[in-house]
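Asks: Protein chains in written order, with numbering that gives the first Met the number 0: chain A, 0 to 411; chain B, 0 to 272; chain C, 0 to 264; chain D, 0 to 381.
Careful: at least some of the hints might be erroneous.
[What the hints assert, rightly or not] Here are the computed lysine to any residue pairs in the SDA-like style, where the Cα-Cα straight-line distance is at most 25 Å: (1) LYS72(A) with ILE76(C); (2) LYS5(A) with VAL30(A); (3) LYS46(C) with GLY94(C); (4) LYS119(C) with ASN233(D); (5) LYS181(C) with GLY51(B); (6) LYS148(D) with TYR149(A); (7) LYS325(A) with ASN233(D).
Derived from the structure by calculation, the hints contain no laboratory data.
In case you want the letters, here they are:
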Amino acid sequence: MELKHKDAGKVVQRELMASYYGDLEDGEGPVAYLFVPGNVVEILRPFGFRTVYPEINALQCGIKRVAGENILKAEDMGYSADVCGYVKNDVGICLAGGSTPLGRIPKPDLLVCNFSGCNTFIKWFEALADLYDAPMFLLDVPYLRDEASYQQDIEYVTQQLWDLVAYCEDMTGTTFDEAKLRETLEYSRQAEDLWTQLLSRARLRPSPFDAYFEAVFFMAPINVLRGTTDCIDYYKVVIEEMEERSRAHVGPVPQEKFRVVYEGPPCWPHFRAFWELFKAWGVVGVASTYSKVGGLFETGIRHDPARPMESIAEYVINCYTNWNLKKRSELLQQYIEEFEADALIIHSVKSCRSFSVGQADFREVFSHELGIPTLMIESDLADPRYFSQAQLKNRVDAFFESLEHQRIVRGS
Amino acid sequence: MYVAGVDAGSTTTKAVVLDENSHLVGKSLRATGANVTRASELAYEECLHASGIREREVSYVIGTGYGRYKIAFGDTQVTEISCHAKGAHFLFPKTRTLVDIGGQDTKAIKVSDKGEVLDFCMNDKCAAGTGRFLENAATVLDLELDDIGPVSLRSENPLRITNVCTVFVESEIISHLARGQVVEDILRGVHSAIGARTIALVRRVGIEPEVTFTGGVSRNVGMVRTLEERFGVPINVSDLSQYMGCLGAGLFALERAQGASPRRVKRVEAGGS
Amino acid sequence: MPVTAGIDIGAGTTKAVLMDEQAAVLARVSVRTGPFLEKAATSAFEKALRQASLNSDDIEYVATTGYGRYSYPPRDIQITEITCHARGARLLFPGTRCVLDIGAQSSRAMRVDEEGRVLKFRMNDRCAAGAGRFLERIAKALEMDLRQLVAASLESKNPQPISSICAVLAESEVINHITQGKRAEDIVMGAHLSIAERVLALLRQVGVEEEVTLTGGLSLNPGMVKALEETLGKEVNFSKESQFAGAMGAAYLGHWRLQRRGGRS
Amino acid sequence: MQQTDHLSSVRELAQDVSFSAVARWKEETGGKAIGHFPVFAPQEIIRAAGMLPVGVMGAWGLLEVDYADSRVQSFVCSVARTTLELGLTGRLKELDGMVFTDICDVARNLSGVWKRNFPEMLVEYLHLPQNVTSAASVVYLERELERFKGKLEDLSGVKVGEDSLWEGIEVYNHQRELLQRIYRIRRESPWLLPADEAYLLGRAAAQMPVEDHVSLLERSIAEIEARTVKSRDNIRVLLLGPFCEQPPLELLRIVEESGCYVVDDELLQTYRWYTSAVPTNGNPLRSLAESYIERARLSSVRYQVRRRREAIVEWLKEARAEGVLFCSAKFCEPALYDYVLYKEALEAESVPYLHLEFEEKMSAFETVRMQVETFVESILFA
Ligand SMILES: Nc1ncnc2c1ncn2[C@@H]1O[C@H](COP(=O)(O)OP(=O)(O)O)[C@@H](O)[C@H]1O
Ligand SMILES: Nc1ncnc2c1ncn2[C@@H]1O[C@H](COP(=O)(O)OP(=O)(O)O)[C@@H](O)[C@H]1O
Ligand code: SF4
Ligand code: SF4
Ligand code: SF4
């Protein structure tokens with residue numbers, strides 16, 4: 000059967016990203032660099048900033064297979080083999096004068112270091128501040144550690160958001176337009192609703208899409224284009240595509256055999272091969288934490304024009320990696336129950352301690368305490384050198400082999 | 000009816016033939032060397048020879064081990080993780096924890112009362128602390144592989160070996176020798192170093208008795224003793240420990256042959272499938 | 000005329016050189032090191048004396064270097080092989096600005112000034128995958144000896160990359176290549192190239208400049224030279240004496256110390 | 000040299016990985032003990048709550064790590080690994096609580112691992128403001144310290160009064176002053192006091208009440224200043240990098256044996272956080288919070304408004320150092336990022352430097368020795 004909306008989500012995403020990078024190359028206006036988790040793009044848009052997300056560049060370079068080269072350039076400069084590959088990729092881009100397969104990345108006029116959930120972010124922008132000789136605004140985001148500190152943290156972040164507003168006014172000579180902020184927030188909110196709706200469709204059997212390997216592409220607009228109407232329109236398109244897939248009983252694999260939840264980032268430099276390891280077993284991701292790094296909207300977090308700064312502060316603090324391990328583990332458990340998953344797959348990446356440290360404890364919790372089959376595998380999200388296909392295949396095969404075997408024995 | 004299991008390991012290739020009552024009819028073992036396909040063919044031939052049966056009497060062959068996809072004459076393949084669990088369960092039905100140390104890797108497997116894999120972990124990206132490590136130590140000390148275990152047990156004053164890198168351990172051993180340390184103490188240190196690494200891996204799946212030790216390194220009494228000390232429980236080892244992978248493969252083959260479709264008549268040519 | 004000795008006690012081989020004041024080499028010998036370092040040093044030194052028909056009283060100063068530099072008690076001074084190889088490379092090729100020293104277990108890159116003084120250096124500290132021992136293992140996996148290995152590497156037209164970072168796991172990769180029907184010479188060259196990559200990564204960290212000199216045991220391996228030149232995109236200095244660079248540098252610095260005796264204490 | 004008996008007892012105490020001194024203290028006083036991970040801890044508040052702050056900074060390479068290896072991946076620094084091993088092997092059972100601060104992603108997530116594995120302990124994670132320019136930061140930190148104080152009060156059942164906070168601030172000020180004197184000796188006459196001995200004297204603070212440490216320092220300083228030791232022709236270096244994980248003693252020894260004098264370093268950051276005395280007026284928590292923002296030493300785990308390169312050059316001049324040994328703990332990201340920034344600055348100033356990596360349990364001392372010797376030779380044979 001011919002599907003009318005086939006690959007709409009992918010095609011439109013590609014167009015949107017192409018035009019986003021096109022605008023970075025030829026567009027006008029000051030440039031701010033931001034991090035994806037907890038980004039405060041809504042505050043910057045009214046000032047006319049074009050925003051660059053170095054993590055997205057790193058991700059794209061990974062997929063386009065140039066991350067390896069960039070990383071080597073940074074290592075030649077003295078960066079260790081043991082530090083985050085995203086940072087090195089970005090330093091490599093800087094050393095290459097901003098040129099990437101996606102287009103030329105403009106230099107920053109301002110670095111907004113919203114460091115939700117990752118201290119490496121600070122070191123990263125410190126390095127860029129040095130390399131580009133650009134000013135840096137540090138938005139200090141406390142870790143969500145304790146219920147008792149939540150209120151104090153929200154107030155602290157809110158105050159700094161006003162500091163940022165003042166900083167931007169100063170820098171651009173534009174007065175802050177609160178009405179515009181509210182409008183932007185309203186667009187964000189609508190897109191967040193749709194994105195949440197989209198992801199919840201993975202509850203269906205079969206799931207119309209892979210909530211890891213496909214969702215990480217669908218997530219680009221919510222991370223990059225939040226606060227625009229393009230973003231809203233995009234999710235309408237994807238939802239249509241998924242509705243159609245469901246009507247036709249089409250899913251990401253010919254036959255859905257295992258439903259799993261994924262924890263941790265994917266391996267960008269070997270994305271296809273990595274996915275194939277699972278596809279071969281009829282595995283479908285029904286939920287993943289990585290697709291939520293840009294915001295945990297399904298927990299009810301929303302940008303809200305009625306409470307502009309507070310809602311931004313709430314969003315900023317409630318990013319997946321800014322959550323303490325207990326909350327993260329509870330979220331995983333909730334995913335497994337809600338999406339009726341058969342297993343948990345933990346992909347531990349060397350680059351990202353923020354994600355990885357503590358994953359072995361998750362493994363303990365799920366496999367030993369909750370009795371949920373759990374597979375932990377290692378590679379990297381940025382550095383192509385840490386991917387050992389044969390080893391990974393061995394593990395993935397053994398894992399699903401034994402799941403399959405147990406199913407046969409138990410007659411389910 | 001006969002079935003066979005072939006385990007193309009990184010270091011050695013092993014094969015067994017079983018009859019329909021799961022009895023071992025014959026076995027063989029040879030170095031894998033440079034050509035996995037060839038080694039598995041030879042091991043299989045030798046095994047048939049040792050069993051005194053002809054190839055066409057074998058209804059089903061399963062390949063396992065890191066070279067399992069290279070075993071052209073097999074009917075299908077199963078990972079060595081599942082196979083070791085199967086084999087260990089067959090020989091020691093109470094096995095709950097399985098440790099397999101081979102030439103280049105170490106695995107810890109949690110096994111159910113039915114012999115299914117419940118959980119497993121493997122060492123990563125580094126050959127440190129595996130059979131190869133012991134082989135290197137043996138070479139540097141000018142000993143036979145068979146001797147290092149017994150010699151290590153004579154140690155009264157074990158040294159601490161800090162380096163588990165398979166390559167660098169050579170220089171560490173040489174410098175101990177140069178300082179006049181005795182061979183058994185060095186060897187005991189080498190065994191302890193592997194023991195420490197192994198137990199850390201096994202802890203990931205949890206240590207639940209009974210513990211069974213398989214793979215080539217289980218032939219080393221020094222290693223068995225070290226692990227028993229570390230685990231604090233006796234450990235099952237059998238003469239067939241190194242064959243556990245192909246034994247498991249053979250048992251899977253028997254299940255397939257008895258349960259599912261009989262062996263396809265058409266032979267699969269080497270190379271194609 | 001004073002003569003000094005430089006003894007380079009390496010992990011694989013021990014080299015001794017006798018040198019006069021004009022930096023002319025009077026003797027050079029190399030012996031296998033084995034487990035007893037002092038013995039190896041003594042034997043190399045004695046052989047060198049015999050070669051130059053001198054006896055130990057004729058030697059004014061003994062400088063040791065290499066991994067066993069502390070293991071020869073009669074020495075006057077010990078100097079690291081990095082400092083020594085740098086000087087030695089400069090003696091062999093006066094235009095040297097970068098030195099690559101690849102030995103059995105370690106490889107190092109240095110940038111030096113016009114006198115052969117070390118400005119910056121890096122060495123492999125993690126794995127043995129970037130040095131001679133790696134090639135020896137590959138040779139073993141391919142059932143070749145070193146000479147055959149070198150000969151094979153020069154025949155390669157289509158080198159097969161080896162990506163494993165581990166010398167041991169690389170062996171299985173090699174075996175994999177063989178099984179896939181890859182030619183031995185291509186595999187061997189792939190291994191040389193992978194060492195070259197690793198060493199050049201060290202070199203880039205200290206900064207690449209004209210001229211680059213290769214020292215250490217792997218300078219005897221033309222396949223290694225070829226791999227380095229290809230990866231680097233330019234010529235690399237080397238000679239039959241390159242493996243003595245460490246011992247030469249030590250002997251040379253011995254003279255330097257002799258002249259300054261009583262200077263810095 | 001007068002490597003006296005008292006040093007060996009200091010070593011014994013400092014290297015006691017079963018923390019028996021803590022057990023003794025608890026028995027004698029009936030008080031509680033709170034452990035803290037390296038780099039920073041509000042010891043003043045812990046002490047004011049009648050508790051003993053205990054520095055937990057790994058295990059000197061003395062442990063065979065096996066439990067923790069199954070919990071942390073291979074790419075994680077040793078101090079996180081061995082600290083966890085101490086916990087999982089029951090060696091920290093005397094601790095009633097454990098404090099972590101936001102120094103890096105590893106330490107942060109370790110706090111979560113700790114919570115899960117040691118539910119009987121009070122596990123606190125303190126967020127220390129990284130934004131050092133916002134007016135909100137001091138207020139925020141004061142609230143955070145207040146929150147922490149509340150947790151300790153809940154644990155002990157006793158309110159912490161202002162007086163005891165002031166008392167704590169004063170005695171820690173005194174301790175820091177004495178440590179500064181030790182460092183002054185290192186700067187002015189490093190031959191009097193070997194680097195490893197100086198280190199042990201400081202590290203002893205981890206397992207003793209601050210008053211006892213103060214008297215240990217007082218006694219030692221008097222003894223050291225009376226020493227007569229010949230100076231050697233060593234080069235003066237700054238040891239950067241080990242602000243969190245502590246290098247093996249042998250490394251410190253080798254650095255000096257190979258011809259260096261370490262004239263200043265980043266070791267034992269926890270006990271040297273403030274560059275000058277915490278003022279003893281106003282409100283004590285406010286005073287601590289302000290000092291954290293205004294009197295903090297240069298550190299890789301705290302955002303620096305001034306560029307690191309400028310700060311490092313200034314420090315070099317101040318210490319009259321001829322070179323820099325940048326010793327980073329293996330896998331320590333904050334240090335490894337800063338290395339690049341420092342390196343650029345040092346090259347611009349033509350200051351010789353050497354980068355070394357260490358691990359708590361390392362065996363490659365030969366490699367270290369060779370690199371340090373070469374470094375020294377490149378200066379001496381110039
Ligand atoms: N007699 C023996 N004594 C001690 N160790 C042995 C003995 N025989 C084999 N080994 C060890 O077993 C290893 C091979 O184990 P094996 O399980 O066959 O490996 P793989 O399946 O990975 O090929 C060798 O590296 C060697 O260290
Ligand atoms: N003739 C040769 N051809 C090829 N390689 C050689 C030759 N001689 C020595 N080598 C290589 O050089 C290495 C020894 O180098 P050397 O610098 O002597 O080491 P070290 O100083 O560490 O002892 C050996 O590992 C070997 O691979
Ligand atoms: S450590 Fe993780 S979250 Fe941080 S920059 Fe790297 S990949 Fe991103
Ligand atoms: S060479 Fe040694 S340390 Fe390196 S990966 Fe191999 S076994 Fe591990
Ligand atoms: S040593 Fe470095 S990475 Fe490890 S906990 Fe300390 S600061 Fe973090």
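Asks: Does the alpha-carbon distance linking LYS119(C) and ASN233(D) stay inside the 25 Å limit?
Replies: holds (20 Å)
Asks: Sort out whether TYR149(A) lies within 25 Å of LYS148(D), counting only the CA atoms.
Replies: holds (17 Å)
Asks: Please verify whether LYS5(A) and VAL30(A) have alpha carbons no more than 25 Å apart.
Replies: violated (35 Å)
Asks: Has the given pair, LYS325(A) with ASN233(D), been kept, meaning a C-alpha gap of at most 25 Å?
Replies: Roughly 52 Å between the alpha carbons, so the hint for LYS325(A) and ASN233(D) is violated.
Asks: Do the alpha carbons of LYS72(A) and ILE76(C) lie within 25 Å of each other, as the hint requires?
Replies: violated (40 Å)
Asks: LYS181(C) and GLY51(B) were given as a pair; does the straight-line alpha-carbon distance stay at or below 25 Å?
Replies: violated (36 Å)
Asks: Mind checking the alpha carbons of LYS46(C) and GLY94(C) for me, to see if they're no more than 25 Å apart?
Replies: Distance of about 31 Å is beyond 25 Å: violated.
Taken one by one, the earlier hints fail for this structure at numbers 1, 2, 3, 5 and 7, listed in ascending order.
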